[in-house]
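Asks: What follows is each chain in one-letter form.
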Amino acid sequence: MDCKQFREILDLYVDQELSAGATAAAGAHVAECSHCRQAVTQLQLLRRCVKESVNQHEVPQTLDRGIREQLRPSRVKRLVPVLAACFVLFFVIVAMASPRSRCHLANRLENLAALIDKPGPIVLEGKILCRDDELHARYGVRAMCSVRGHHGALETSDGKIWNLIENESSQELIHDSAFLGKHVRIRGKMYRQAGSLDVDSYELL
Amino acid sequence: MRFWKNRATQFEKLALPHLPALYRFSVQVAGQGAAEDLVQEAIMRAWKYFDSFDPSTNCRAWLFRILRNVWITRWKQSSLELPLAEPEDLQTEPYYDWEDGFLEQEFSAEMERALAQLPKEYLWAVLLADVEEFSYQEIARLMECPIGTVMSRLNRGRRMLARFLLAELQNQPLWNLDSKHKGS
Numbered sequence: 000m001d002c003k004q005f006r007e008i009l010d011l012y013v014d015q016e017l018s019a020g021a022t023a024a025a026g027a028h029v030a031e032c033s034h035c036r037q038a039v040t041q042l043q044l045l046r047r048c049v050k051e052s053v054n055q056h057e058v059p060q061t062l063d064r065g066i067r068e069q070l071r072p073s074r075v076k077r078l079v080p081v082l083a084a085c086f087v088l089f090f091v092i093v094a095m096a097s098p099r100s101r102c103h104l105a106n107r108l109e110n111l112a113a114l115i116d117k118p119g120p121i122v123l124e125g126k127i128l129c130r131d132d133e134l135h136a137r138y139g140v141r142a143m144c145s146v147r148g149h150h151g152a153l154e155t156s157d158g159k160i161w162n163l164i165e166n167e168s169s170q171e172l173i174h175d176s177a178f179l180g181k182h183v184r185i186r187g188k189m190y191r192q193a194g195s196l197d198v199d200s201y202e203l204l
Numbered sequence: 000m001r002f003w004k005n006r007a008t009q010f011e012k013l014a015l016p017h018l019p020a021l022y023r024f025s026v027q028v029a030g031q032g033a034a035e036d037l038v039q040e041a042i043m044r045a046w047k048y049f050d051s052f053d054p055s056t057n058c059r060a061w062l063f064r065i066l067r068n069v070w071i072t073r074w075k076q077s078s079l080e081l082p083l084a085e086p087e088d089l090q091t092e093p094y095y096d097w098e099d100g101f102l103e104q105e106f107s108a109e110m111e112r113a114l115a116q117l118p119k120e121y122l123w124a125v126l127l128a129d130v131e132e133f134s135y136q137e138i139a140r141l142m143e144c145p146i147g148t149v150m151s152r153l154n155r156g157r158r159m160l161a162r163f164l165l166a167e168l169q170n171q172p173l174w175n176l177d178s179k180h181k182g183s
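Residue numbers (numbering that gives the first Met the number 0), protein chains in the order written: chain A, 0 to 204; chain B, 0 to 183.
Since the hints were made in silico from the structure, they are not lab data.
Any given hint could turn out to be false.
Taking lysine-lysine pairs in the BS3-like style, the calculated list, with each CA pair at most 27 Å apart, reads [stated by the list, open to error]:
| # | chain 1 | residue 1 | chain 2 | residue 2 |
| --- | --- | --- | --- | --- |
| 1 | A | 50 | B | 12 |
| 2 | A | 50 | A | 126 |
| 3 | B | 12 | B | 47 |
| 4 | A | 126 | A | 181 |
| 5 | A | 117 | A | 159 |
| 6 | B | 119 | A | 50 |
Among chain B residues calculated to face chain A with C-beta under 7 Å, some are [unchecked claim]:
| # | residue |
| --- | --- |
| 7 | 18 |
| 8 | 22 |
| 9 | 23 |
| 10 | 26 |
| 11 | 27 |
| 12 | 57 |
| 13 | 61 |
| 14 | 130 |
Note that the Cβ used here is the ideal one computed from N, Cα and C, for glycine as well.
The task is simple: from the sequences and hints, build the whole structure.
Replies: So, in structure tokens, the structure goes:
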């Protein structure tokens with residue numbers, strides 16, 4: 000190895016990044032060449048000086064303390080979100096104990112649903128049943144079906160009963176008892192706040 | 000709560016011992032004024048993503064990679080371009096052959112000033128190799144560049160640093176030093 004070749008690998012030699020064979024060859028050259036030995040010494044000194052210069056800075060205590068505090072916030076700080084959640088839950092439970100509050104909340108939710116879901120064309124599937132009979136079965140409402148006849152309505156899979164607005168397309172669904180218990184697909188418009196469907200067309204499933 | 004406590008304990012054990020190294024490094028690459036903020040942000044980012052850290056790997060290298068990402072993000076926010084002084088983009092450096100025996104002297108302040116003059120990508124490579132003693136492979140991974148680029152940045156960065164240092168010691172502008180070396 001000559002000086003030119005050695006200078007090309009000087010940094011790798013000092014950084015101990017050469018293979019064992021290359022390190023031995025470079026070492027042999029350094030042993031016999033004073034100029035290259037000087038270059039190795041100077042580069043090693045430069046490395047040491049850089050390290051000493053950089054390492055003279057002390058870490059500010061505020062930085063160390065600040066980071067440790069952020070990793071382990073005080074017990075009170077950790078409990079704040081838990082306490083807030085408990086507080087909210089307590090008020091919800093108290094509020095829900097009153098029937099009036101429950102009704103108020105349900106209405107609010109209905110209004111919210113109506114606000115989110117504007118009236119528009121929809122396709123809805125469900126079962127035709129007698130609205131009054133169903134209300135009687137569910138809530139004990141006095142039904143007049145024996146006098147006035149059945150009144151067809153649509154029950155969707157979520158258990159909601161939709162009134163069908165009287166029009167030409169909905170006549171059979173509302174008044175023909177043969178449709179009771181049948182599954183249908185209805186196209187029309189939904190008026191969520193009134194719980195009503197305006198039927199454009201339907202098909203039996 | 001216990002999981003949180005264990006996670007914090009683990010993080011304190013693995014990551015926080017490297018805080019001094021991260022801070023000292025940051026002082027060089029970002030300046031004393033910005034170093035605290037830089038380290039704090041890097042450590043908090045490490046804490047956030049600590050679950051993704053593999054404890055069987057080198058935590059120090061992982062932290063320095065995060066530090067570099069934070070530094071790059073900050074640099075982008077404050078500057079239009081990254082300080083990517085690729086060797087091929089720079090003018091040819093005057094030849095320097097370690098012929099001066101000036102390195103036996105004490106020169107902490109001059110070294111600080113010389114380091115501050117290095118292009119940032121050279122500074123990163125030199126500090127990672129000479130202060131943190133990462134291998135070329137680790138530096139390449141950390142700086143997301145080929146290993147050849149690391150060698151080149153180290154080679155040129157160290158020689159440039161020696162020349163800056165010599166100019167600082169002789170208290171003369173670098174162009175004067177250049178003409179002296181060209182003449183010799």
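Asks: None of the hints should be skipped; say for each whether it holds.
Replies: So, going through the hints one by one against the coordinates:
{"no.": "1", "hint": "A:50 with B:12", "verdict": "holds (25 Å)"}
{"no.": "2", "hint": "A:50 with A:126", "verdict": "violated (82 Å)"}
{"no.": "3", "hint": "B:12 with B:47", "verdict": "holds (16 Å)"}
{"no.": "4", "hint": "A:126 with A:181", "verdict": "holds (6 Å)"}
{"no.": "5", "hint": "A:117 with A:159", "verdict": "holds (18 Å)"}
{"no.": "6", "hint": "B:119 with A:50", "verdict": "holds (17 Å)"}
{"no.": "7", "hint": "18", "verdict": "holds (6 Å)"}
{"no.": "8", "hint": "22", "verdict": "holds (5 Å)"}
{"no.": "9", "hint": "23", "verdict": "holds (5 Å)"}
{"no.": "10", "hint": "26", "verdict": "holds (5 Å)"}
{"no.": "11", "hint": "27", "verdict": "holds (6 Å)"}
{"no.": "12", "hint": "57", "verdict": "violated (17 Å)"}
{"no.": "13", "hint": "61", "verdict": "violated (16 Å)"}
{"no.": "14", "hint": "130", "verdict": "holds (5 Å)"}
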